[in-house]
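S.K.: As given, the protein sequences belong to chains A and B, one line each in that order. Residue 258 is where the first sequence ends in the working numbering, and the numbering goes up by one at each step. Residue 315 is where the second sequence ends in the working numbering, and the numbering goes up by one at each step.
Derived from the structure by calculation, the hints contain no laboratory data. Do not take every clue at face value.
Dumping the calculated SDA-like pairs for lysine to any residue here, alpha-carbon to alpha-carbon at most 25 Å [as the list claims (entries may be wrong)]:
hint : chain 1 : residue 1 : chain 2 : residue 2
1    : B       : 276       : A       : 228
2    : A       : 254       : B       : 279
3    : A       : 253       : B       : 310
Quick look at which bits of chain B chain A covers, simulated, 3 or more residues with Cβ under 8 Å [claimed, not checked]:
hint : stretch
4    : 93-101
5    : 142-148
A virtual CB, placed ideally from N, CA and C, is assigned to each residue, including glycine.
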Amino acid sequence: MKRILVGIKRVVDYNVRIRVKPDGTGVVTDGVKMSINPFDEIALEEALRIKERGGADEVVVATVGPADTQQQLRTALAMGADRALLVQADGVIEPLVAARALLKLVEREQPLLVILGKQAIDDDNGQTAQILAALWNRPQATYASKIEITGETARVTREVDAGLETLDVDLPAVISTDLRLNEPRYVKLPDIMKAKKKPLDTLPLADLGVQARTQLKLVRFEAPPQRQKGIRVKDAAELVDALKKKGLL
Amino acid sequence: MSVQILIVAEHDGTRLNVSTAKCVTCARAVSGAVVTVAVFAADAAAVAAQAAQLAGVDKVLAVDNPANAHALAAVLAPQVAALAGPYALVLGPSTTFGKDLMARVGGLLDAPQVSDIMAIESAVRFRRPIYAGNAILTVEAVDAPKVVGTVRTASFEGAASGGSAAVEKVSLNVTLPTHTRFVSVSAARNDRPDLQTAARVISGGRALGSADGFKILYSLADKVGAAVGASRAAVDAGYAPNEMQVGQTGKIIAPELYMAVGISGAIQHLTGIKDARTIVAINKDGEAPIFEVADFGLVGDLFQVIPEIERLL
Ligand SMILES: Cc1cc2nc3c(=O)[nH]c(=O)nc-3n(C[C@H](O)[C@H](O)[C@H](O)COP(=O)(O)OP(=O)(O)OC[C@H]3O[C@@H](n4cnc5c(N)ncnc54)[C@H](O)[C@@H]3O)c2cc1C
Ligand SMILES: Nc1ncnc2c1ncn2[C@@H]1O[C@H](COP(=O)(O)O)[C@@H](O)[C@H]1O
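Generate coordinates for the entire structure from the input sequences, incorporating the hints supplied.
M.R.: What follows is the structure, encoded as structure tokens:
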């Protein structure tokens, strides 16, 4: 069975305006829309496309997080994933813990490919794919904008600071997605109904033998400093003048 | 009390990237810091010599290996991990090179990583942006024998030259994987200043309308010696290559002058320019959010304004 494992993280929707709690203990999440991390949606879309091309037989989505993540996993099933695994844990899941839990799932599921997002848009850590690849002792291809699988290898184009880099990685491997890899499909209503019958298994993190340790204490959250409001200039001449005065042109 | 800090150098085989000098400044902010820079390359001598000249560097380790000809995280990480023993803090830049590599190092060392360090209060206490810069988080490592970090380069000035650290050749006895192979990298064009270090940056958005439309920005940029950037919408539409993207998922930059031309000012874009000294917005919609962060705002049609600015110079 050729399987692809996709990591799904439940995050505050990217359209939500983030507000820091006045007491500095976190950001406001009460009553806020939660969604699949956008990069994970892209990861799932890519897995589905690989399966549709005949490159895989099964797409499994997995999360390490609170019970409410069921909603996001159902959405993932409606998009086309075959089954879902919810490793239940409350509170902050640090990347080392997420990666350890994903490694346990990798050992059980023996995927040929693990696709994760390049970063979760809440903590912006950007670590889990690389840590998993390290623990698994397998290749990593981060920031993918193109994936081609031929036999036992994947050719991955990566978005790097210099431009586009291409790597060949032996499978199994871990790939993390960048935004331009694909555009995720929309979920259709009948698929939501069908998704209700797809398997979604829940297990506590402790059952995987992974300890939910936290090594980074969240000391304080603050709103970022606001920029001073600037001035309006009426035309190009006034702008050029102003910039010259400041020595910027 | 001294704190041993290891910095993994970023370079292209011949030249040290300025991101390394920024990591040095970050490391130096820790009291008692003893800073070692490690250079991994096929032949590290030239880059190691440049690192040795950075003020604030105490020692440079040069690790030669043909396998290091290209910076592959899977190949470099076990070497960094092998060197990491004596160091309390292991830093790399928060560039695609550093982000790709350092987290793998953290995985091998079983050490927590602090990403995008924007301020360092001690060897275990850091400030970093989260939620695309909409919140600033102070974190403190507890129960961690070692911490790995990536340094947000826009938050630090590069260390000056004038150092004279000793360079030590190191040979490591680690088995390196062959499961990851470099194929190619698209040649970046070099005739314009580098986006990440340029003092002036002019960026275009969806409003430019085509790759051809960007030519008016290139023309102005060349006249003032600016680098050219782009919004994600412009890159997605194929008007500009991906390496020009500025923002949360592109480059985070801190130029003296940033000109946003035909860019609406989405939060993900603003994340990339928060540290710009002066922001100029040119947009035909006076209500565009970019004006909320602009020091100078001009409401107008860019296709008239930009050529006019060029004429006035
Ligand atoms: C997870 C995630 C990550 C993202 N990361 C990034 C990122 O790193 N960088 C980034 O930029 N975006 C990013 N985005 C996208 C971002 O949300 C916006 O969609 C994007 O920045 C919009 O680009 P734009 O301003 O060029 O286009 P638009 O929003 O379409 O704005 C075009 C602007 O041009 C103006 N205009 C039109 N014609 C003219 C004219 N003739 N003269 C003057 N002005 C004119 C319009 O008034 C408008 O304000 C991300 C989105 C997501 C979901
Ligand atoms: N708790 C989690 N459960 C499942 N996948 C995760 C979890 N945390 C992170 N990931 C995956 O790793 C990617 C990067 O996350 P991060 O390292 O937190 O930025 C995400 O886009 C997910 O694909």
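S.K.: Of the hints stated earlier, which fail here?
M.R.: Structure breaks no hint.
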